[in-house]
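Asks: Given chain A's structure and the hints, the job is docking chain B onto it.
Chains as they are written, first to last, in my numbering: chain A, 8 to 38; chain B, 14 to 191.
Fair warning: there could be bad hints in the mix.
Which chain B residues face chain A? A few, computed with CB under 7 Å, are given here [what the hints assert, rightly or not]:
no.	residue
1	I24
2	V112
3	F114
4	M121
5	R167
6	M171
7	L177
8	H185
9	L187
Derived Cβ-Cβ restraints for the label pairs, each shown as a range [to be verified]:
no.	chain 1	residue 1	chain 2	residue 2	range
10	A	P10	B	M108	31 to 37 Å
11	B	L81	A	V38	30 to 36 Å
12	B	G146	A	V23	35 to 41 Å
13	A	I27	B	T104	34 to 40 Å
14	A	S13	B	W75	23 to 29 Å
15	A	S13	B	F19	24 to 30 Å
16	A	L35	B	K157	16 to 22 Å
17	B	T151	A	P10	25 to 31 Å
18	B	T111	A	P10	22 to 28 Å
Going by beta-carbon spacing under 7 Å, a handful of chain A positions derived as facing chain B [stated by the list, open to error]:
no.	residue
19	A20
20	G21
21	L24
22	A32
23	A36
24	V38
These aren't lab readings, by the way, just hints derived from the structure by calculation. All residues carry an ideal CB built from backbone N, CA and C; glycine is no exception.
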Amino acid sequence: MNPLDSLGGTVAAGVVLSIILAYVAKALAGV
Amino acid sequence: MIDVDFLIRWIHIVVGVMWIGLLYFFNFVQVPALAQANAEAGSGGPGPAAITKYVAPRALFWFRYAALVTWLSGAWYLQSAPQYSLHGVFTLGLMGETVNFQHTLMGMGAWLGTIMLFNVWMLIWPNQKKILGMVQATDAEKAKARRVAFLASRTNTMLSIPMLMFMQASNHKLPFFM
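Looking at chain A on its own, in the form it has when it is part of the complex:
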């Protein structure tokens, strides 16, 4: 099941990705 096939899955994936990328940005910058 692709989460992008549903709107709920798409928004949830966007929120999860936001949290992951926030950690990535912090790790890259070392803050």
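Replies: Frame of chain A; chain B shown alone:
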């Protein structure tokens, strides 16, 4: 006296609202509406013809050019505004003598926006032209185009969430862990 940076940023936000607003229109309104129209076409419903003939081409026109102007005005702003530079932002603030976290945050948003622009012009628009009959395509090619355009559009909806988080976080901090 005109504050050019303010003006460019203002244009960027207004046109960006048009781009992402139409992206959300496609995903939250038009795609479900087309599915329902197709499902009910055989049982007395009006079918999807009006949407595909009158609505989708207009929406796609404003959508793809709003995307282009959003990116160009964003790039202009990043080069023009004193706290940013195109190079600094697109290298995520990591290339200077010290890390510039404001550039890291804006850079994450700028890269996400750049990926989204690529999706609009290289995946969504070429495939929509096949779906809407603006270019010749077989039924199999149309079916494939429909799936690629759908997933690219959904991907952009997903990416818009962290993109907007990062662009505002650059001046207002991240919403979590800070």
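Asks: Confirm or reject each hint.
Replies: Here's how the hints hold up against the structure:
1. The beta carbon of I24(B) is not positioned within 7 Å of any beta carbon in chain A (closest approach about 25 Å), and the interface hint is therefore violated.
2. Hint status for V112(B): holds, given a least beta-carbon distance of 5 Å to chain A, under 7 Å.
3. Against a cut-off of 7 Å between C-beta atoms, the interface hint on F114(B) holds, since the closest Cβ of chain A lies about 5 Å away.
4. Given hint, M121(B) at the interface with chain A, holds; its Cβ is 5 Å from that chain's nearest Cβ, closer than 7 Å.
5. Because the smallest distance between the Cβ of R167(B) and any Cβ of chain A comes to about 4 Å, under 7 Å, the interface hint for this residue holds.
6. The interface hint given for M171(B) holds, since its Cβ lies 4 Å from the closest Cβ of chain A, which is under the 7 Å cut-off.
7. Contact between L177(B) and chain A, as hinted, is not supported at the beta carbon level, the nearest pair being about 9 Å apart and thus beyond 7 Å.
8. Interface restraint check: H185(B) against chain A, minimum CB-CB distance 13 Å, threshold 7 Å, status violated.
9. For L187(B), the interface hint holds, since its Cβ comes within 7 Å of a Cβ in chain A; the closest pair sits about 5 Å apart.
10. Hint check: P10(A) to M108(B), Cβ distance near 35 Å, so the stated range 31 to 37 Å holds.
11. Restraint check, L81(B) to V38(A): a C-beta distance of roughly 34 Å satisfies the suggested window 30 to 36 Å.
12. Judged by the Cβ atoms, the range 35 to 41 Å given for G146(B) and V23(A) holds: they are separated by roughly 37 Å.
13. For the pair I27(A) and T104(B), the supplied restraint of 34 to 40 Å is violated, since their beta-carbon distance comes to about 21 Å.
14. Hint check: S13(A) to W75(B), Cβ distance near 26 Å, so the stated range 23 to 29 Å holds.
15. Between S13(A) and F19(B) the C-beta distance comes to about 40 Å, which lies outside the given range of 24 to 30 Å.
16. A beta carbon spacing of about 37 Å between L35(A) and K157(B) contradicts the range 16 to 22 Å that was offered as a hint.
17. Remark: the range hint 25 to 31 Å for T151(B) to P10(A) is upheld by a beta-carbon distance near 30 Å.
18. For T111(B) and P10(A), the Cβ-Cβ distance of about 38 Å falls outside the hinted range of 22 to 28 Å, so the restraint is violated.
19. At about 5 Å, the closest approach between the beta carbon of A20(A) and any beta carbon in chain B falls short of 7 Å, and the interface hint on this residue holds.
20. The restraint placing G21(A) at the interface with chain B holds, with a minimum CB-CB distance near 3 Å, inside the 7 Å limit.
21. With 7 Å as the threshold, the beta carbon of L24(A) comes within range of chain B, its nearest partner Cβ sitting at about 5 Å, so the hint holds.
22. With 7 Å as the threshold, the beta carbon of A32(A) comes within range of chain B, its nearest partner Cβ sitting at about 5 Å, so the hint holds.
23. Interface restraint check: A36(A) against chain B, minimum CB-CB distance 4 Å, threshold 7 Å, status holds.
24. This hint holds: V38(A) has a C-beta 6 Å from the nearest C-beta of chain B, less than the 7 Å allowed.
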